[in-house]
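Sequential numbering from 1 applies to the sequence shown in the working numbering.
Careful: at least some of the hints might be erroneous.
Label-pair distances were calculated between CB atoms; the ranges are [claimed, not checked]:
id, residue 1, residue 2, range
1, 23, 189, 37 to 45 Å
2, 171, 26, 35 to 43 Å
3, 210, 83, 31 to 39 Å
4, 65, 165, 17 to 25 Å
Each computed DSS-like pair below joins lysine-lysine, with the alpha-carbon atoms no more than 30 Å apart [unchecked claim]:
id, residue 1, residue 2
5, 193, 173
6, 193, 60
7, 120, 173
8, 8, 60
9, 174, 108
10, 8, 108
11, 174, 120
12, 108, 85
13, 120, 60
14, 193, 174
15, 193, 97
16, 108, 120
17, 97, 169
18, 173, 108
19, 97, 120
20, 97, 108
21, 97, 85
22, 85, 169
23, 97, 60
24, 60, 108
25, 120, 8
26, 174, 85
27, 85, 120
It is worth saying that the hints were derived from the structure and are not from the lab. We put the CB at the ideal spot given by N, CA and C, even for glycine.
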Amino acid sequence: MLTDNDLKTHWTQLHQHLTTDTSLVDYQFEHLTMMYTGAQQTYHNLAHIRQLISLLETHKAAISDPEIVLFAIFFHDMVYNILFKDNEERSAEAAEKYLQQLQYPAEKITVVSEFILATKTHINTLNNQDLDYFLDFDLAILGTAPDIYQEYARQIRTEYLIYPDAVYKPGRKKLLRHFLEAPAIYHTPVFRKLYETRARQNIQAEIDTL
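Could you put together the complete structure from these sequences and hints?
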């Protein structure tokens, strides 16, 4: 498992050919770190980012533009507040603003933003294989071993503690059933093979407890 130091290394290496402004790069990393360490973020935190980067490293050979995927990973949950309905839009806007400061190519900024926005529905409307992998990375937790999934489910419940069970449970069930009703949870053949069956078992088991 990656450490926080590994995160900083990935972030720094990501910028090696993009800018010599190390103060900007370091400041943004500190800001990202702060945004992912909110008291309410028991799942959507730096551990989640580390998990996605580990998956990117594992499947890098299948990714055509790892740089775009890595930027999307770092920013996709940068704004996470359960009271907001536009977390993805705010996160995408933050990514756009930073990448513009780097003078990153406009067409690539658009792609990073679209990847982040796609995590709202986990639907790939771009016909982009990299996006398929990015979305599958984000949902890989669903197909992990039952004890890991159960801890994830507890972490999500903790993030929504302001809501009583009478509100939380129906909403959670609706989301989980949405996954089960989909023809496939995962977009890529490799993730379907690795995680699809277990993900459906885990989701049904959680529904049974709600």
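Status of each hint after checking the structure:
Separated by about 43 Å at the C-beta atoms, residue 23 and residue 189 satisfy the suggested range of 37 to 45 Å. At about 39 Å, the beta-carbon gap between residue 171 and residue 26 stays in the expected band of 35 to 43 Å. Remark: the range hint 31 to 39 Å for residue 210 to residue 83 is contradicted by a beta-carbon distance near 22 Å. Range check, residue 65 to residue 165: about 43 Å between beta-carbon atoms, so the 17 to 25 Å window is missed.
Of the supplied pair hints, the one linking residue 193 and residue 173 holds, its CA atoms being roughly 25 Å apart against a limit of 30 Å. Distance hint between residue 193 and residue 60 is fulfilled; the C-alpha atoms sit about 18 Å from each other, no more than 30 Å. Distance hint between residue 120 and residue 173 is fulfilled; the C-alpha atoms sit about 17 Å from each other, no more than 30 Å. For the given pair, residue 8 sits about 19 Å from residue 60 by alpha-carbon distance, which is consistent with the 30 Å threshold.
The straight-line distance between the Cα atoms of residue 174 and residue 108 is roughly 34 Å, outside the 30 Å bound, and the hint therefore fails. For the given pair, residue 8 sits about 22 Å from residue 108 by alpha-carbon distance, which is consistent with the 30 Å threshold. Restraint check for residue 174 and residue 120: satisfied, since their Cα atoms lie roughly 15 Å apart, inside the 30 Å limit. In summary, the hint linking residue 108 to residue 85 is supported, as the alpha carbons are separated by about 25 Å, within the 30 Å threshold.
With a CA separation close to 24 Å, the supplied pair residue 120 and residue 60 stays within the 30 Å bound. Taking the CA atoms of residue 193 and residue 174, the gap is near 25 Å; set against the 30 Å cutoff, the hint holds. Among the hinted pairs, residue 193 with residue 97 is inconsistent with the structure: their alpha-carbon atoms are about 37 Å apart, more than 30 Å. As the CA atoms of residue 108 and residue 120 are separated by approximately 20 Å, the hinted pair is consistent with the 30 Å bound.
With a C-alpha separation of about 36 Å, the suggested pairing of residue 97 with residue 169 is violated against the 30 Å cut-off. Proposed proximity of residue 173 and residue 108 is contradicted: the alpha carbons are some 36 Å apart, above 30 Å. Taken as a hint, the residue 97 and residue 120 pair is honoured in the structure, with Cα atoms around 20 Å apart against an allowance of 30 Å. Between residue 97 and residue 108 the alpha-carbon distance is near 13 Å, which keeps this suggested pair within the 30 Å criterion.
With a CA separation close to 20 Å, the supplied pair residue 97 and residue 85 stays within the 30 Å bound. Between residue 85 and residue 169, the direct Cα distance comes to roughly 19 Å. Compliance with the 30 Å bound is thereby established for this hinted pair. With a C-alpha separation of about 26 Å, the suggested pairing of residue 97 with residue 60 holds against the 30 Å cut-off. Only pairs whose Cα atoms come within 30 Å are accepted, and residue 60 paired with residue 108 is accepted, the gap being roughly 18 Å.
Straight-line distance between C-alpha atoms of residue 120 and residue 8 comes to about 26 Å, which keeps the hinted pair within the 30 Å bound. As the CA atoms of residue 174 and residue 85 are separated by approximately 17 Å, the hinted pair is consistent with the 30 Å bound. Only pairs whose Cα atoms come within 30 Å are accepted, and residue 85 paired with residue 120 is accepted, the gap being roughly 10 Å.
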